[in-house]
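Novice: Sequence:
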Amino acid sequence: MSLPNSLTALRILLTPVFVAFLFSESPFFKQLSLVVFIVAALTDYYDGWVARKFGDSTRFGKYLDPLADKILSSAALFSYVYLDLVSGWMVWIIVVRDFLITGLRSYAEYKDQPIVTSRPAQAKTFGEYVVIYYILIFHVARSVQLLQADYRSLIDSLMDSQVLFGMMLLVTLMSVGTGAMYVFEYRKFIKEIYLAILDKPNAK
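Take the sequence shown: its letters are residues 1 to 204, numbered as in the numbering used here.
Calculated directly from the structure, the hints in this document are not laboratory data. Owing to the predicted nature of the structure, the values given are computational and were not obtained by experimental measurement. Check before you lean on any hint, since a few could be wrong.
Simulated DEER-style distance windows between Cβ atoms [said to hold, decoys possible]:
#	residue 1	residue 2	range
1	Y110	R152	48 to 54 angstroms
2	Q145	A123	56 to 62 angstroms
3	L154	P114	41 to 47 angstroms
4	L169	K53	38 to 44 angstroms
5	D156	A9	37 to 43 angstroms
6	I197	G177	48 to 54 angstroms
7	Q31	I197	32 to 38 angstroms
8	I137	R52	26 to 32 angstroms
9	P114	S161	39 to 45 angstroms
10	E25	S2	37 to 43 angstroms
C-beta atoms are modelled at their ideal positions from N, C-alpha and C, and glycine is treated no differently.
Can you build the whole structure from these sequences, using the hints too?
Specialist: Laid out in structure tokens, this is it:
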């Protein structure tokens, strides 16, 4: 396996480690979950950098890389639902949109007509990760003993349910909007996929 693909695979392997540490009763492991998430996220930058610098890009890597990203971000978001920090319906909309568009992008890559990420979609991804990091950092901060006395009230106000709801609502609306843009712009691919699915029973 090439180095970029190995880094991508590492991102997937680190995802359950991150989740396990996040749910740990130990403050140390809970704090370590933030480190694991950052390391996993950094592999996304370095696998692309290595692939471009050394010309080590593969078709398999082009499929696996965005999938690994969505696995990591989805694991974080669903963890927040389990921890009762965010609303499940918002997370489902974001995650379903992400995987559907990732599937559409993979099909376009297969057809040698790669989809160029739009500016609004880039803004949506940036906003999604800002929210993920925001929640993770301040949730983990609650387990840091040194912060309990002086900053607990500040952290609690930053993690107020209405604040998190507003942030997640914005990302959800951006997800719906950019998802609709992709569906409209690349409806030709969606039609091809739909027809291919309909033809499968006939092929038997």
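Novice: Please go over all the hints and tell whether each is borne out by the structure.
Specialist: Against the structure, the hints come out as follows:
no.: 1; hint: Y110 / R152: 48 to 54 angstroms; result: holds, 51 angstroms
no.: 2; hint: Q145 / A123: 56 to 62 angstroms; result: violated, 37 angstroms
no.: 3; hint: L154 / P114: 41 to 47 angstroms; result: holds, 45 angstroms
no.: 4; hint: L169 / K53: 38 to 44 angstroms; result: holds, 39 angstroms
no.: 5; hint: D156 / A9: 37 to 43 angstroms; result: holds, 38 angstroms
no.: 6; hint: I197 / G177: 48 to 54 angstroms; result: violated, 26 angstroms
no.: 7; hint: Q31 / I197: 32 to 38 angstroms; result: violated, 46 angstroms
no.: 8; hint: I137 / R52: 26 to 32 angstroms; result: holds, 30 angstroms
no.: 9; hint: P114 / S161: 39 to 45 angstroms; result: holds, 40 angstroms
no.: 10; hint: E25 / S2: 37 to 43 angstroms; result: holds, 39 angstroms
Violation of the numbered hints given earlier is confined to hints 2, 6 and 7; the remaining hints are satisfied by the structure.
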